[in-house]
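Start from chain A and add chain B according to the hints.
Chains A and B, in that order, are what the protein sequence lines are.
Mind the numbering: the first sequence is residues 1 to 116 in my numbering, read in order.
Mind the numbering: the second sequence is residues 1 to 163 in my numbering, read in order.
Calculated from the structure, these hints are not laboratory results.
Even glycine gets a Cβ: it sits at the ideal position worked out from N, Cα and C.
Worth double-checking, as some hints may not be accurate.
To spell it out: a stretch of chain B is covered by chain A in this simulated footprint if at least three of its residues, at any positions, have a beta carbon under 8 Å from a beta carbon of chain A; those stretches are [as the list claims (entries may be wrong)]:
#, region
1, 58-64
2, 136-146
Keeping only pairs whose Cα atoms sit at most 20 Å apart, straight-line, the calculated SDA-like set for lysine to any residue is [as the list claims (entries may be wrong)]:
#, chain 1, residue 1, chain 2, residue 2
3, A, 116, A, 88
4, B, 110, A, 51
5, A, 105, B, 142
6, B, 149, A, 88
7, A, 105, B, 144
8, A, 105, B, 147
9, B, 110, B, 66
10, A, 105, B, 57
11, B, 9, A, 25
12, A, 105, B, 126
13, B, 9, A, 34
14, B, 110, A, 102
15, B, 110, A, 107
16, B, 9, A, 35
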Amino acid sequence: MRNLKLALLLLTLLGCSTAAQAHALLEHASPAVGSTVASSPGSVTLYFTERLEPKFSGGEVRGPGGARVDRGASVSGNVMRLGVGGLRPGRYSVTWHALSVDTHKTQGSFSFQVGK
Amino acid sequence: MPESMRLLKPFAVTAQLGYAIPTKASVNEEDEETGLLFAAPVPRAFNWGGTLQYSMPYLKSSVQDLGLPAFINRMIPIVEWNLSTETSNFSGEERTTGTINPGAIYVADKFQLAVEAIIPVNRASGDNVGVMGQLHLYLDDIFPHSIGKPLFGPTSVAEGVGY
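Next up, chain A with everything else stripped away, as it sits in the complex:
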């Protein structure tokens, strides 16, 4: 019985799940992730938990039809800005990739709605 309990404890410890490590993760965005805004924003701004390497970080915004609608990404510190303008009502998807200054890659995506 003692061996059984030891084996179960070992199995439990080995099986204990781990989450992904925290590197350059998206802290918040404007427009907020999953939000609805009344009118077109001037840009989509992403705020990360770590400073980014500008040359190896970027993103894009795509419209309801899948066409790219941003004017490119600019990165400074832990902020990535994707210029947009005149977005028509609809759901827009944002995808981003980042390389933090500690050389770890991360990526993600989210969407937001313009108008009802």
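Positioned in the frame of chain A, the structure of chain B alone reads:
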């Protein structure tokens, strides 16, 4: 997944399967009552387990930012189950043993902390509920200028080519 079910996106399920084959069919053990040695069979066992978890960090960064407190946004509620079913050479007692472990993981920038209850699935698995804690330190983030950098080659992205 349809947009109306987006709040289900942060759910994740993991599974693990394994088959344990002992190197010996039996081991000598002492009888607790008589003190005599006897050959205790070592069974072959099918080890199986999994987790069901809900990632609040993923909810915030990829599905919907609900404006919850930062502490909540770093939590991952989780239920684990680790079970073992003896398939041969068993002694005739309960063949499936294991635990179910509900708990939560807190993910910080430089560490993560997990706390789970350990609940036996039957009497053969144990008589009491336990608690397990696990602390992971992200050493490369804590010590970025020593053990957190490459041993060889460029030490920053700016020095590298085509990283």
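So, going through the hints one by one against the coordinates:
A stretch counts as covered by a chain when three or more of its residues have a beta carbon under 8 Å from one of that chain; for the region 58-64 of chain B and chain A the count is 5, and the coverage holds. Look at the region 136-146 of chain B against chain A: 5 of its residues bring a Cβ nearer than 8 Å to a Cβ of that chain, three or more, so the hint holds. Only pairs whose Cα atoms come within 20 Å are accepted, and residue 116 of chain A paired with residue 88 of chain A is accepted, the gap being roughly 11 Å. As the CA atoms of residue 110 of chain B and residue 51 of chain A are separated by approximately 15 Å, the hinted pair is consistent with the 20 Å bound.
Between residue 105 of chain A and residue 142 of chain B, the direct Cα distance comes to roughly 17 Å. Compliance with the 20 Å bound is thereby established for this hinted pair. For the suggested pair residue 149 of chain B and residue 88 of chain A, the alpha carbons sit about 46 Å apart, so the restraint of at most 20 Å is broken. Between residue 105 of chain A and residue 144 of chain B the alpha-carbon distance is near 15 Å, which keeps this suggested pair within the 20 Å criterion. Taking the CA atoms of residue 105 of chain A and residue 147 of chain B, the gap is near 18 Å; set against the 20 Å cutoff, the hint holds.
With a C-alpha separation of about 24 Å, the suggested pair residue 110 of chain B and residue 66 of chain B falls outside the 20 Å cut-off, and the hint is violated. Taking the CA atoms of residue 105 of chain A and residue 57 of chain B, the gap is near 17 Å; set against the 20 Å cutoff, the hint holds. A hinted pair counts as satisfied when its Cα atoms are at most 20 Å apart, and residue 9 of chain B with residue 25 of chain A qualifies at roughly 18 Å. A threshold of 20 Å between alpha carbons decides the hint, and for residue 105 of chain A with residue 126 of chain B the separation of about 43 Å lies outside it, so the pair is violated.
Restraint check for residue 9 of chain B and residue 34 of chain A: the C-alpha separation of about 12 Å stays at or below 20 Å, so the hint holds. Using a Cα cut-off of 20 Å, the hinted pair residue 110 of chain B and residue 102 of chain A holds, with the two alpha carbons roughly 13 Å apart. Distance hint between residue 110 of chain B and residue 107 of chain A is fulfilled; the C-alpha atoms sit about 19 Å from each other, no more than 20 Å. Annotation: proposed proximity of residue 9 of chain B to residue 35 of chain A holds, straight-line Cα distance about 16 Å (limit 20 Å).
In the structure shown, a violation is registered for the earlier hints numbered 6, 9 and 12, in ascending order.
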